[in-house]
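K.L.:
Using the working numbering, read the sequence shown as starting at 60 and increasing by one per residue.
Warning: the hint list may mix true and false statements.
Below, simulated SDA-like cross-link-like pairs (lysine to any residue); rule was C-alpha separation at most 25 Å, straight line [said to hold, decoys possible]:
(1) K413 / D362
(2) K423 / A333
(3) K171 / G146
(4) K423 / A445
(5) K303 / V292
(6) K423 / T345
(7) K413 / K557
(8) K557 / P382
(9) K413 / F402
(10) K522 / E573
(11) K560 / E475
Label-pair restraints from in silico Cβ distances [to be verified]:
(12) E645 / P734: 54 to 60 Å
(13) E518 / A148: 40 to 46 Å
(14) D767 / E645: 35 to 41 Å
(15) H231 / E193: 28 to 34 Å
(16) S159 / R609: 58 to 64 Å
Please keep in mind that the hints were generated in silico from the structure rather than gathered at the bench.
Source: prediction; values computed, not measured.
Ideal placement from N, C-alpha and C gives every residue a C-beta, glycine not left out.
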Amino acid sequence: MVVTSTRLRSVRLATMNRQRCRIFLLAAMCLAGWFGCASMTGLTEVERIPLAQDGTTDYTIVIAVDAAEPVVEAARELSHFLGEMTGAAFAVTRDDAAGSPFEIVLGETNRKSIADVALHHRPSTWEGFVVLTERRRLYIMGGSIPRGTLYGVYDFLERDLGVHFLAPQVTHVPRRPTLSLRIARRTFDPTFEYRAHYPPARTRPGYAQWMRRSRVNSFGVASGHVRRLGHPVHTFATLVPAAKYFEEHPEYFALIDGKRTSATLCLTNPGTLAATLETARGWARTASGDPEVRNIIQISQNDSGAYCQCNPCARIDAEEGAPMTGALVRFLNAAATELEREFPDVQVETLAYKTAEVPPQRTKVHPNVIILMAPIVKDSSRPLTAKQVNYDRNLGDLAQHTHRIPKSRWARTTYENLLGWRRVAGRVYIWDYPQSFHDFLVPYPSLWSNAENIRLFAEHGVKGYFPQQPITDGAEMRYLRNYMITRMQWRPNLDGQKLVKEFCELYYGPGAGEEILTYIDVLHDSFEAQQRPLWWGGYKDDALLPELARIMKRAAVHAESPPYRERVAEFRLPVWRLQLSQAFGEAGRVRSLTGRWWHRAEADASTDPEPPADFTGWSTVEIPTRLMTNKGGHGPGWYATRFDLPAPLARGALHFASMDGTWDVYIDGARVAAPMPSGLGDYSEVPYLPIDRPLDAGWHTLVVKVTDGSGFYRTHHHENPRFAINDAVTLVDLSVPLPPDLRTAAEGFLSASRRAGLERIYYGYSRPDPYLNEVLWPKVEFLLTAGR
């Protein structure tokens, strides 16, 4: 079964139209005797190269005697993959050996140098390369730097030989004992000079190798890279530290609401510029002179969006029509001018982020300044050029948390800002948010908009692309997204849908891959029908969950080998996690304890050592709270309710969906648990609380003492009002067996999440996240004791 989504049909139609245009242009170019397409030129002189016959070869791989390490690595990699593909041994020799007609020559050698290539066929960018043939010889040569040769080899393996670098230690290599290729001369220059990646905090074996093979150039000096000197991001606080300057020079810092604050800098004070340059020069002195490395210093706002309101800053911002950005760009231009005199090979970068995302209207950006545009507030479900949709009518209680830009304007506003930056800046990079980085397992239907936006960025002259991704393995669609994004970072005109299909068939196997494609279509279709923006909270729909679970169950059945089964299980983690979230407190539920509770504020262990039994004069509160504030709870205090058991409960437990603050629990005056710590994760979740004795039928009193924090509060994330995890408090019977599908979900989640290396679910940078070890995994393990 294949579901064709509306979004997918529109993407396919647009792709077909683009392909028809390309075919027409190609025909016209061929009549003129040349071929050109975006960053690829000179695709002529087709030669047939007989690389292998029945598992043997006459070819050797030749590199220079003094070849640089990237070229040596290129030879090793090409020899390895050609050998794996054909079964033949492709020896690597140096160019001081006698020549042969049957050679694959990598990099500049005494056989040929880049200067021997016609000028119009030479690569023109930093990491470009040329592939050409002369009789039976094949040449792959980088232009400016040796890494171009390495990337040329990977491109040849991928484009000409069908090798696909799917994931760490997972590479698809077709078997072709006889290998004869028709190879046309081509020159390729990457569209994006900066192709970044956000790896997990703890990477799998082979992760760095996979990034290199995928041509990610933001990590690893050994292969050359784009390198940020000093502090990498949000640098104001590091460039002009408050501990050093604020007491003596408060004027260096922002004036906000009439007071100087260290939240950000005053960008019109000359002393601020001097202090910034002092630190920046120290960073610049650590720059590498290696031509394989691009050196960048970031001068950027702190992660707050605050900006100075003093008269000089406000006047400039008014002139530029952009709060903060006007003063920021003029400040950057002054800093870049000074740094360029002493460090011409070091570039300055800033963030167009939050308040500073809006471009200035008058001032052009210094040529040595890079704008790293980070549209953190945008609708990730739709391409930036998509027709506006009036999402605002469908926001519900999300409305109180709306950004200053109406939700119906998210995508279009980002696009308008991009066009504005391209008018005033020569070099723009994108820091994108293509999936949730606040909840790493939440379904996030953004694949097609992500692919379309990457293509759009390239068409508008963007020179770098960096997607912020979860910092853990095991995250939602991690390796599928990695594959699509890195392939399109290298060639933005590739079809995202085809890349996803290619990955699913090769990584999960044909049968399971087809089911996963169905899952992807259903997920995207369902969200599109909601006519809602896609923000950090992702997409949780309890009505859709059973269908997604059925699809993934079929995928598991069709997984044909242990590796495929493990990969399908990892892909299944978001569905299992949602099934478990719904089951917590619901599986074996005897009764819900929500509704009106008695409440008395200011519980204190010293004055109230025992739980009260008389609730006269106490106020009443709703549990969970109906209106959500920042924390939504009623604060510290005593909470009490009474409940009626229709039958004895031999083995029971309490489930509190969320709890903020240190808490004690009593049933009928007897303590059930010693003081418990506050909950963890976005919802302040807590483990199950086993009841250590049987409860008779009849009425019982439950008392909870919260000595700090906010107490009970509403359990759904404010970005997704459609999905509530479960009731705030429930009483469950552990003698009730789990349904088979739920037991499968629990066992599968524990096994697959640990095997995948899942270290955290919610946003943060520490590892591992205590929520997994102290709450989620123990809750799942406890759930598995039901019925046993």
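K.L.:
Take a quick look at whether K560 and E475 sit within 25 Å of each other, Cα to Cα.
P.N.:
Since the Cα atoms of K560 and E475 sit roughly 32 Å apart, the hinted pair is violated (cutoff 25 Å).
K.L.:
Given a hinted range of 58 to 64 Å, is it respected by the beta-carbon distance of S159 and R609?
P.N.:
Given a distance of about 59 Å, which is inside 58 to 64 Å, the answer is holds.
K.L.:
Hey, K522 versus E573, does the alpha-carbon distance stay inside 25 Å?
P.N.:
Violated, at roughly 35 Å.
K.L.:
Quick one, are K413 and K557 close enough, alpha carbons at most 25 Å?
P.N.:
34 Å, violated
K.L.:
Could you tell me whether the CB distance from E518 to A148 stays inside 40 to 46 Å?
P.N.:
Between E518 and A148, where Cβ atoms are some 44 Å apart, the hint holds.
K.L.:
Honestly, do E645 and P734 meet the 54 to 60 Å range at C-beta?
P.N.:
With Cβ atoms ~27 Å apart, the hint is violated.
K.L.:
Taking only the CA atoms, is the gap from K413 to D362 under or equal to 25 Å?
P.N.:
9 Å, holds
K.L.:
So if I understand the rule, the pair passes when the alpha-carbon distance is 25 Å or less; does K303 with V292 pass?
P.N.:
20 Å, holds
K.L.:
What's the verdict on K171 and G146, does the C-alpha distance respect the 25 Å limit or exceed it?
P.N.:
29 Å, violated
K.L.:
Need the status of pair K423, A445: alpha-carbon distance at most 25 Å?
P.N.:
28 Å, violated
K.L.:
Would the hint linking K557 and P382 be met if the CA-CA limit is 25 Å?
P.N.:
42 Å, violated
K.L.:
Hint says 28 to 34 Å; check whether the CB-CB distance for H231 and E193 agrees.
P.N.:
31 Å, holds
Of the hints listed earlier, those the structure fails to meet are numbers 3, 4, 6, 7, 8, 9, 10, 11, 12 and 14, in rising order.
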